[in-house]
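Those protein sequence lines, which keep their order, are chains A and B.
Just so you know, the first sequence maps onto residues 1 to 341 in the UniProt record's numbering.
Just so you know, the second sequence maps onto residues 1 to 302 in the UniProt record's numbering.
These are computed hints drawn from the structure, not numbers from a lab.
Just to be clear, a hint being listed does not mean it is correct.
35 Å max Cα-Cα, derived DSBU-like pairs, lysine-lysine [said to hold, decoys possible]: (1) B:LYS113 to A:LYS341; (2) A:LYS321 to A:LYS224; (3) A:LYS136 to B:LYS295; (4) A:LYS161 to A:LYS179; (5) B:LYS63 to B:LYS106; (6) A:LYS179 to B:LYS295; (7) A:LYS335 to A:LYS224; (8) B:LYS49 to A:LYS87; (9) B:LYS159 to B:LYS122; (10) B:LYS193 to A:LYS277; (11) A:LYS318 to B:LYS300; (12) A:LYS136 to A:LYS335; (13) B:LYS49 to B:LYS193; (14) A:LYS335 to B:LYS63; (15) B:LYS93 to B:LYS299; (16) B:LYS113 to A:LYS87; (17) A:LYS87 to B:LYS300; (18) A:LYS87 to B:LYS36; (19) B:LYS295 to A:LYS161; (20) B:LYS63 to A:LYS341; (21) A:LYS229 to B:LYS93; (22) B:LYS295 to A:LYS327; (23) A:LYS277 to B:LYS299; (24) B:LYS139 to B:LYS68; (25) A:LYS126 to A:LYS327; (26) B:LYS300 to B:LYS139; (27) A:LYS152 to A:LYS334; (28) B:LYS36 to B:LYS130; (29) B:LYS106 to A:LYS224; (30) A:LYS335 to B:LYS295; (31) A:LYS152 to A:LYS327; (32) B:LYS36 to B:LYS93; (33) A:LYS136 to A:LYS166; (34) A:LYS341 to B:LYS193; (35) A:LYS334 to A:LYS277; (36) A:LYS152 to B:LYS295; (37) A:LYS148 to B:LYS299.
Per the computed footprint, the stretches of chain B lying under chain A, defined by three or more beta-carbons under 8 Å from a beta-carbon of chain A, are [claimed, not checked]: (38) 28-42; (39) 188-196; (40) 229-239.
For glycine and all other residues, C-beta sits at the position ideal for the given N, C-alpha and C.
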Amino acid sequence: FHFPCAILASNAYYLIPHPEIINSVELPKFVLCLGRWMHNVLFFLLSTSRNFSLHREAFVVNETPVFMNKPPPHVFKLMSLPSMIIKLTLGLLWCIIHLAISLLSLCSHLIFNLECSLISSGLLWKYRNLQLGRLKYLAIVVDSREAKNTVKINQLLYWLKTLGVKYVCLYDIDGVLKKLFAPGMNGSRDNNPGDYLDASANIKALDCCQKQMTIECISGSDGKEGIAKAANLLCSSYLNGDSYTQENVKSEENVKSEENVENEPVFTETDMASALKSIGCAGPEPDLLLVYGPARCHLGFPTWRLRYTEIMHMGPLKSMKYGAIVKAFHNYSKKHQNYGK
Amino acid sequence: MLDSLISHDPKVLTEKKPDEIIASGVVESLQNFLRKCIIAVLSYGPMPKHIAFIMDGNRRYAKSRSIKQGTGHSVGFAALMASLIYCYEMGVKYITVYAFSIDNFKRDPSEVKTLMELMEEKINELLENKNVINKVNCKINFWGILDMLPEPVRLAAQKLMASTAENTGLVFSVCMPYNSTSEIANAVTELCKERRDMMQGQQASGRNGRPANGGACSDISVSDLDRHMYTAGCPDPDIVIRTSGETRLSNFLLWQTTFSHLQNPDPLWPEFSWRHLVWAILQYQRAYPYIEQNKDLAKKQL
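The whole structure should be built from the sequences, with the hints applied where relevant.
This is how it looks when you write it as structure tokens:
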């Protein structure tokens with residue numbers, strides 16, 4: 001009897017208003033999205049009612065409880081006509097709630113856009129003098145599909161340069177940005193070859209308008225896989241018995257291991273950090289992380305660098321605004337960290 | 001059910017007239033019915049299976065209400081128990097909370113002592129009032145370097161873990177004292193020990209003339225480390241909620257939150273209530289298609 005539930009569930013995702021609706025600030029595009037969504041709702045209602053009438057005859061009302069205990073309230077057991085109507089009503093209510101939330105967020109998005117244009121034009125006085133003293137390292141997480149938009153990425157980097165950011169770390173989970181900014185591939189795009197200097201494997205220096213900015217590009221393989229490689233390094237050196245004792249004698253936190261050095265491996269956070277450094281996955285810890293994407297997720301940013309980073313969600317890359325970055329920096333300057341104290 | 005867990009504040013217990021009690025009973029049952037309706041509507045969409053909470057804001061709450069910090073933490077504990085019940089009603093099977101960080105040992109010793117005493121008191125209360133745990137069939141885990149805790153707290157925690165180990169319902173994990181980076185370092189240590197034992201086993205079998213398998217010689221993979229994390233067996237968190245509007249993760253579940261929806265509502269933790277939870281789930285439902293897309297893409301690449 002789970003089959004009709006499965007149909008409902010599988011069709012329900014058509015009903016979730018596409019996140020594009022909230023970003024379609026132009027009225028015709030919004031109307032088009034809304035029309036498409038309403039068409040999906042109608043299609044869904046027709047198809048589910050058709051499915052239910054088909055399966056109602058072949059279906060036996062099942063009374064035996066699935067669980068021995070009282071099941072949680074969200075499990076539907078009976079499949080008679082009243083319960084179908086109830087389910088459709090619930091579905092409608094759910095759609096209405098989400099539509100209302102989408103409209104609300106559209107309104108707040110419009111207000112935010114207005115604020116950003118005011119900030120860009122310099123009318124809001126409190127954003128005029130940005131104190132970037134505490135912001136030494138900035139990181140940007142981009143959705144991999146949006147990262148292919150090199151025009152937007154370059155514009156973002158240009159804005160950050162004009163704001164005076166000294167070090168930017170670009171991250172995307174699939175490694176698209178790493179490929180775009182790789183050395184030797186700078187002639188065929190919008191980039192000016194003279195702008196990029198080859199500093200190290202991941203790091204480039206962007207020199208323009210007499211403001212030096214270092215760019216680092218990392219990908220998902222520097223996150224979890226980097227930690228796995230570091231673990232491999234530590235493990236193999238322990239099992240081979242050579243440089244393990246050196247690392248433990250150096251780390252101050254690990255007094256016990258001097259007695260157990262022949263028997264038990266004990267790896268501390270400092271051991272992992274130095275192992276990460278030796279395989280080239282270490283870098284400065286960002287103070288601020290800007291997430292460009294439909295949702296606020298860090299998408300696997302390297303663990304050792306994300307510990308105390310402030311994470312701010314900026315929205316999709318294609319609707320990025322200069323004023324939003326200024327606002328984010330301003331909010332960051334207001335933050336106060338205890339570091340656990 | 002909650003009264004046994006919430007510390008009795010004398011101001012709360014007042015005399016009530018009989019018709020007031022009836023009226024409050026009617027209002028309460030109406031509220032319960034309304035809650036169940038809203039949960040039924042919400043459940044139509046995707047519901048999270050695992051929610052993680054960073055319970056931030058107890059001290060600020062105490063300061064704003066001009067009460068002692070210890071009382072602020074007690075109110076925070078009451079809010080935790082309430083949230084646990086609400087999550088269970090919503091069908092969330094795994095709940096993880098960040099109770100105490102290894103960095104928090106840097107705090108004022110008297111505050112650390114108060115916190116430890118509070119934890120010991122609450123764990124002992126849970127050990128005595130088994131009916132609460134049995135009602136939700138709760139399995140309680142304590143994740144972290146338990147050796148850093150004072151002896152009575154550690155013993156109580158281990159006792160509670162052992163007594164609820166067989167339960168199959170809600171899984172409630174308390175991270176104390178916990179650091180994501182030390183969890184990873186611990187996983188590497190465990191993995192190394194496992195490999196060393198495997199190698200020693202291979203050497204023993206090699207002496208017997210049997211062929212040795214190449215298992216210990218392969219590189220360490222991400223799934224090897226996953227097996228040795230404290231969270232092995234639990235799915236990754238769907239939502240991470242940090243109250244009081246702070247935007248950082250403070251070294252909490254950094255390995256497991258690759259595709260988790262990070263949320264930071266403004267209310268302080270003692271103010272976190274049912275409507276904030278509903279709002280959190282609504283936000284998750286809006287972000288769900290994007291997150292699932294990313295998860296599928298990541299799986300395809302493996």
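Quick rundown of the hints versus the structure:
1. B:LYS113 to A:LYS341: The hint holds at about 14 Å.
2. A:LYS321 to A:LYS224: Given pair LYS321 (chain A), LYS224 (chain A) holds - Cα atoms ~31 Å apart, limit 35 Å.
3. A:LYS136 to B:LYS295: holds, 32 Å
4. A:LYS161 to A:LYS179: Answer holds: LYS161 (chain A) to LYS179 (chain A) is near 21 Å, not above 35 Å.
5. B:LYS63 to B:LYS106: holds, 20 Å
6. A:LYS179 to B:LYS295: Holds. LYS179 (chain A) to LYS295 (chain B) sits at ~22 Å (cutoff 35 Å).
7. A:LYS335 to A:LYS224: It holds: about 29 Å lies between the C-alpha atoms, which stays within 35 Å.
8. B:LYS49 to A:LYS87: Answer holds: LYS49 (chain B) to LYS87 (chain A) is near 22 Å, not above 35 Å.
9. B:LYS159 to B:LYS122: Answer holds: LYS159 (chain B) to LYS122 (chain B) is near 13 Å, not above 35 Å.
10. B:LYS193 to A:LYS277: holds, 23 Å
11. A:LYS318 to B:LYS300: holds, 26 Å
12. A:LYS136 to A:LYS335: holds, 15 Å
13. B:LYS49 to B:LYS193: Status holds; Cα separation ~32 Å.
14. A:LYS335 to B:LYS63: holds, 19 Å
15. B:LYS93 to B:LYS299: holds, 23 Å
16. B:LYS113 to A:LYS87: Measuring from Cα to Cα gives roughly 52 Å; hence the hint is violated.
17. A:LYS87 to B:LYS300: holds, 34 Å
18. A:LYS87 to B:LYS36: holds, 14 Å
19. B:LYS295 to A:LYS161: Holds, at roughly 33 Å.
20. B:LYS63 to A:LYS341: Satisfied, since the Cα-Cα distance of roughly 16 Å is no more than 35 Å.
21. A:LYS229 to B:LYS93: With a Cα-Cα distance of about 33 Å, the restraint between LYS229 (chain A) and LYS93 (chain B) holds, given a limit of 35 Å.
22. B:LYS295 to A:LYS327: holds, 31 Å
23. A:LYS277 to B:LYS299: Status holds; Cα separation ~28 Å.
24. B:LYS139 to B:LYS68: holds, 32 Å
25. A:LYS126 to A:LYS327: Holds, at about 10 Å.
26. B:LYS300 to B:LYS139: holds, 33 Å
27. A:LYS152 to A:LYS334: holds, 28 Å
28. B:LYS36 to B:LYS130: Given that 35 Å is the threshold and the Cα spacing comes to 26 Å, the pair holds.
29. B:LYS106 to A:LYS224: holds, 29 Å
30. A:LYS335 to B:LYS295: Holds, at about 32 Å.
31. A:LYS152 to A:LYS327: Within the cut-off at roughly 19 Å; holds.
32. B:LYS36 to B:LYS93: holds, 17 Å
33. A:LYS136 to A:LYS166: holds, 7 Å
34. A:LYS341 to B:LYS193: Measuring from Cα to Cα gives roughly 34 Å; hence the hint holds.
35. A:LYS334 to A:LYS277: holds, 32 Å
36. A:LYS152 to B:LYS295: OK: LYS152 (chain A) and LYS295 (chain B) at ~25 Å, within 35 Å.
37. A:LYS148 to B:LYS299: holds, 21 Å
38. 28-42: Satisfied; 5 residues make the cut.
39. 188-196: holds (count 7)
40. 229-239: With 0 residues close enough to chain A, the hint is violated.
This entry does not satisfy hints 16, 40, going by the numbered hints stated previously.
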